[in-house]
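Chains A and B supply the protein sequences, listed in that same order.
Take 0 as the starting number for the first sequence in numbering that gives the first Met the number 0 and just add one per residue.
Take 0 as the starting number for the second sequence in numbering that gives the first Met the number 0 and just add one per residue.
Note that these hints are calculated values from the structure, not bench results.
No false leads were mixed into what you were given.
Cross-link-like lysine-lysine pairs, in silico, DSS-like; alpha carbons within 30 Å at most: (1) B:74 x A:7; (2) B:350 x B:283; (3) B:299 x B:283; (4) B:311 x B:299; (5) B:74 x A:38; (6) A:764 x B:48; (7) A:44 x B:194; (8) B:350 x B:321; (9) B:33 x B:180; (10) B:162 x A:44; (11) B:321 x B:311; (12) B:338 x B:200; (13) B:286 x B:238; (14) A:764 x B:33; (15) B:338 x B:165; (16) B:74 x A:126; (17) B:74 x A:44; (18) A:44 x B:190.
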Amino acid sequence: MPGKLKAKIVAGRHLPVMDRASDLTDAFVEVKFGNTTFKTDVCPKSLNPQWNSEWFKFEVDDEDLQDEPLQITVLDHDTYSANDAIGKVYIDIDPLLYSEAASVISGWFPIYDTIHGIRGEINVIVKVELFNDLNRFRQSSCGVKFFCTTCIPQCYRATLVHGFVEELVVNEDPEYQWIDRIRTPRASNEARQRLISLMSGELQRKIGLKVLEMGGNAVVGYLQCFDLEGESGLVVRAIGTACTLDKLSSGSAPNTNTHMHPNTAPASNACNSPSKDGKESPLAHGCRSTHNSPVHSVCSSQRLSQNFSVSVPTLIFTGMGSGGSAGKEAGPLRTLLRQQTQTALEQREFPFFTLTSFPPGFLLHVGGVVSARSVKLLDRIHNPALGNTRSYKLLDWNSVTADEPETRDAWWEEIRQEIKSHARALGCHAVVGYSESTSICEEVCILSASGTAAILNPRYMREGCLDIGCTDHRFEEPSPPNCGFCHIPYDELNMPFPAQLTYCYHCRRQKVPDVLFTTIDLPSEAAVAGKGCLIQARLCRLKKKAQGEANATAISNLLPFMEYELHTQLMNKLKLRSMNALFGLHIQISVGENMLLGLASATGVYLTALPAPGGIQIAGKTPGDLSSEHISSIQKRINDTIAVNKELYQINPPELAEEGVGSPIPEPRHRSRLFRSHSESSDELSELDLSHGKKDAFVLEIDDTDAVEDIHSLLIDAPPPTGFYSCNTENMPGISNWTSGVQMFTSVRVLRLSNANLTNQGLNKIFTDLCENLLKSFYFKLRSMIPCCLCHLNFTVAVPEEELIQVTVTAVAMTYDKEQTQEKTAEKPVNKGSLEAEEQLQFPLELCADSSSSNIQTASKISDTVSLFTPAAKLCQNQLLIVRSAGVGESTNISPRAASVDYGSFADRCSTWLELLRLKAHTIRRGSVKTSRRTQSLAHSVSSLERCSPLQEGRSRSLRSSRSFGGSSVTVVKMTPLSFLSGTRIIKYLGIINMFFIRETTSLREEGGVSGFLHSFIAEVFAMVRAHVAALGGNAVVSYSMKECVFMENPNKNQAQCLINVSGDAVICISETDQESSASTANTGQTGGGGTDGAT
Amino acid sequence: MSVELDVFVGNTTIMDEEVYQLWLDGHTVNDAVKVRMEGGVMDECEASKDVLLSDTMDQYRTFQMCERLLHSPAKLANQLLFQIPPHRQIMLIERCSRDALIQLTHLFQRSHNSLFLYLFVKPPPLCYVSSHGNLFFVSLSLFRYYAFDDTFVREVLGKKLSKGTKKDLDDISAKTNVTLKSCRRQFDNFKRVFKVVEELKGPLVENIRQHFLLSDKLARDYAAIVFFANNRFETGKRKLQYLSFQDFAFCAGQLISNWTVGAVDNMVEDMDVDLDKEFLQELKELKILITDKDLLDQHKSLVCTALRGKTKVFIEMENNFKNLSRGLINIAAKLTNTKDVRDFFIDLVEKFIEPCRSDRWTAADMKLYLTHYTNSAHILDTFKHQVVWDRYMGVVKSCIFKMYHD
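The shape of chain B in the complex, shown without the other chains:
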């Protein structure tokens, strides 16, 4: 005797937040049942294990059916297959912070005069806010579907989003302790986003946000992932292991907003994904700062004058100035080669961060040094490439600040 078929379909789709998370985390149905049992859900309504199993299976099926829609979230807003509670209802999953609600309410009253916010509760995870017949789809479950584990993304960051990488996911799964299913979902999400935005015009973050209805933060993270994947930045070397995904995401943000084509012209295809070739070419001009002996000395003396007495590691700074300067400018000059672009971060670490660290610079020292290093170049009479210099150093400076930690 066995249950051959068992389904439960409601006119309003019932989704349980907890089961959804378990599904996202890649648990099997049986594992999910175990987790739920431990969570004490059985005490509610005198449920038995069979009941829980049946419910979990139903939920998993529902999520699988939803998944197709989650792949192109814009469709979710007008899909007909699932009736998710009225579009004027906002579901709040937890106790709501009072301020947040007031803010939310005011925001909408100001911007749309016929808008209602409705409180609706567990379990439907999809939320709508409607105004003037415009339907926005704000969805926590969407966030969750597109949410990823930092540890996982750290592993694939900068790798080609190809079948080959996908094959290695089981290793990554073992290493990061994220279930293989979850790894696959996250990887497929990256790929999907990459594929869609690859050929869209306009700003990268904005495109991701609109197409996948993601939060600003999450959209920025995806932009970083896409950017890294496209430029294949090396992040896996041992020396880079101390850097977290958020470190890289910050750097990616800097690069996207300053070094890409989009930083200059915002209606070009791929504008935010590819670095500005012209700019990279111009970077070669900076070489004069290290090749011209006079200029180098002049620069050094300017920086040293400014720094004297302000830091404990002044001696080291003075001694290392030429080395460090050469390091930074050589990185700039080589960026026309794709290979060297890939090594951008490893170069930064090897040529700059490591020497400083061995000299025990503090973060404040670093800040001080780089600020004066950048500014002093402006005073150099014979140095004519101020614009390029600023564009380069602005990014390098903030990247190094971010990366300079243990």
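Bound-form chain A, shown alone:
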């Protein structure tokens, strides 16, 4: 009996009217954990009930604590008929189980109903008392910390990285149980929500156990996914990286993993000290080069499920098959290095890491992207168990036939083996930035995995070597940290695929490839030129409708072509932007009934260690094939675009100037027809080796109309408007001086294809336009944030129905300081902001002389006025600029007809406002008196409740309570998909947020159609995430992601349903500017309000 869970129901507010007659509600609450249920008293006739219940105590196993959510149901008491449910709150108590995380969950939670959405709020306090359990055979894994963040969390230090952990659990989907035919949609949705909550808990517990076995204490890069396999069940699977983390004492300086501050002045400090002391640059070991031409590195394999006899050969591009021992005959240094790491890594089945950014020195070399796909057929009925046992099984998945999870396990095992062998072929012993995904349509399922083959520093893998600062002297020949990772890890004489190698442009010692594709983030120490940008390849392929095996075969046959096309597009677009590396590459292939969608997103960047990319040359198949005029006009457009892009992304590597090869027009001598005809490239391979240091042109042959279309589509991608940049990685290459404006958003767009006779080309156009228009919409909506960057743009595509294409995007827009390109000082932005503000508002300097000293701690630093508004000044410095420009237009916007409130000029408005504020202040002072009077009368009226008209009672009460509630401010919770929040420092991780919601409606039109329905649902999901974070005492969510957004509609029946799964890390963060001053308050900032108020 190792734990005691305590819950207290305090109050409710804004409840819906459940009794039409009285316009009021008789609410009570059921609190359920496991099989124990408690009830509060009924609070009659109130929309703002005060229950103030006793502490409900649950004595439970810690195993249950991990698996089960606390379930709170708010009901309306009904004397004669069944009580009506108002809604529910599920509280995941996992964060209370770590010693370092939250100690109490307390706050207002939205009461959620799957049919009606949010219906009021409830105030709950939850605590856990844990007893130590030293049982070695325990089933629980309390105390293992989970992080969604794919880097070592701020305020922690990784002493040991243990490696890959994975687990999956399987159950039947309640939606497909027989009982679903007779129960209400609400009951079905709730069963599903609860089941997934339970499965997530179980999964997390099991992964925790594995981590404990490995000797770790945390999982970083935890990625949990659902596969809704329909009738064949529900799979919840997760992968992560087990680590041993040490908490840095809060007083110490920001830790060593400075991934949030990428080098902005790369050229200057890039290559001048190639032989640095190993102490300072731990990455400086080994200097092998690698090449990865992306087309080659990707392998696509298609296998069908076991019960399907047709064998589809694994398709491998280029020399990938050359085997795992490719790099064995390398120089002695690398052999040594390899031996060490291999002993460390090869003990493990899968040397995979879900992390995408690493402490400096962790990553030695990067080989390239490795990926594997496999097409499986889901068995329709796996489970012979039918009938009434099913409903029971919903709650007890141990009884689910044991082979089910094993089938899925075997599938993934296959894929991971393949990834591993691909990595070997690239001469790498590890895979970083690893992720897995699925796409399901009917009974066909595509499993995909991808990652980046890499060689890691063995130090982090070895047991007993915990000191991060310890240096390894065995490796001489250190290379500069900013190019080391680009050097090829494989042997240049025995390359796994044909590639152009040159000597590294930094150290000139090791070979580097001409382009580098990876799934990880740009290492902080990497030297780049200019800014990065989002590069997307989009592709649609029609496929015949088919069933079962034929369908699977058709898909299998299409996949390699899609991968090839996507890579061609990526490569061309990369060249067009004059860049030579892709980071954060994510290729998604989504399957629908009659088409396949492919979307590859990555962030392009110019790595100065790699050769400058050549231009693109257009050529007719045979001279005179097409009019040379036409070709030269296209050529001109391409060259112009390249020139414009160079300007736009500020790509001016110094090397270019030195060698005098800045001309975008390539030398036609070297033609590698890598793209149009693949086989030819190998013929020219011997030639290529000689050409190091020169730019090679990619030749695009225009041999048919398709090619013309392709080239046109290349040029379609509009660059972001001035003031915007975009990327899909954690860091924007070339920008680090973030200011604190942050806007996370989710956007969903669904397109219906009405034209039945679409061609591949037409579809491609539609799909490309869809993505481009989405981006344009974002730019327009976020224009008030300029200059800003859209980071972590995460596109997800799906084909929910035959003629629908769904694109879901989650990203964050962050403002940055345009002028300030040097590394930032803490004070500078503040000063600057205030100066700007002053300029505009013509503020007097003496204003703050009056301000009480308690107001502004920073006032001493900044002696001008706006310090009054100081912490915000920084925040709004960008926005202030906008006011200036918008002010004039704005004043004309105000409708002259709205005359009853005179908005004629701002001065007037301000004085109205002043008056109002004054009155408010006045009211408050009087208010206390009033309130007490009202309470008295209330007490009186309660004592004589019968006499009192319920309406009146409710009214006066609602007035009173609304005033008292007005006192509790709502904590602002910021959300970001990144692992950091600009301008702040994370001081505490409070636990993982992993929430699953279903929303259904049978009155779609009334809720504003599909858009209205989804809009409010997403807003509600945000609200619930914020409320949970605030209740944990946090003020931000980092590494937020929306992993699932499944939308189904039936407009004819006026129905729609949507499932959303979100996750992230709840944190407390404090502003960087006042972190010194409020270090003490931060410790007490357990409650959300305390944190923010403390900062003032």
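Knowing the structure of chain A, use the given hints to seat chain B on it.
Frame of chain A, contents of chain B only:
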């Protein structure tokens, strides 16, 4: 090929002031897009019409979702659905007047020691000022939501806020050139405010201000609307057409603060909505001023003595004295009938303002006359109802001043 679904949801709710106003004015999405295009917003960020349409739809949806909250603004302060930028941020929509800001700042520093004002800018329209954990919600958008068109309110003023009136809104919309949607919103606002304050105790204006977080000015206007609707004052007659809503609002303010129950006792239900019955009864006593021949003559001579030589229209004043006096006092005496209460304003115009106007009195003449007319009654020995007289004439006087224009 068509866009089936298109949403954009930010963690921080983005609202565009311009679109908000267009929404309030009852424009359709397509109209709003047109207006925005003409406004030149497309030049920003190279937007296309589709982008603008998508953005406008998003905004409209957001406003519709917000509308529920705007109906009971007190909820807005602690609602969780929309994250509107930090409560310590005040948004200033236009260039800010320096004095106003300084004042604002000082005001808050004096009254609350740990208060910050933050400047935050476009577009979030909702503003918070926090002090000591007390959260006030000051919202320009709220003002706007509850703002109304004077021309529209003039049409419904004094009408019953019922379904029947609502049915006539399309006529009013056509007449006033305010879109039907906007008319409905304004009408529903009136109704909502009416319904809430109907059964609250305490001063009317204060209740409206607290419950709907409105500015003092706007709260007073709403009080006037509620007051007129409750007493069903006739305002629609042709003879009253020259009066604006603000004229009536002023009169309503006078009546509320002097003639209602609340003027005497401030903790009675409906105190500011209903006229003081006792007072109306007492008004009958004033009849003595016209029924008693001596008193009437005495009054006249007092007034005439005082006026002689001070005005060009003295002759007319003297000739008309008895008529005018009878007019005013008959109005007072009849006020016990609800029907006559309704006709209060039309009576004032017919019995007093029109005769004076036909005699070409100036506003100054009017002022002079009424002042002496009121004061002279105090000197009358046999007239014992000074308190009632003052209470009556005080209001009538200021109403007539306000109403005496072209």
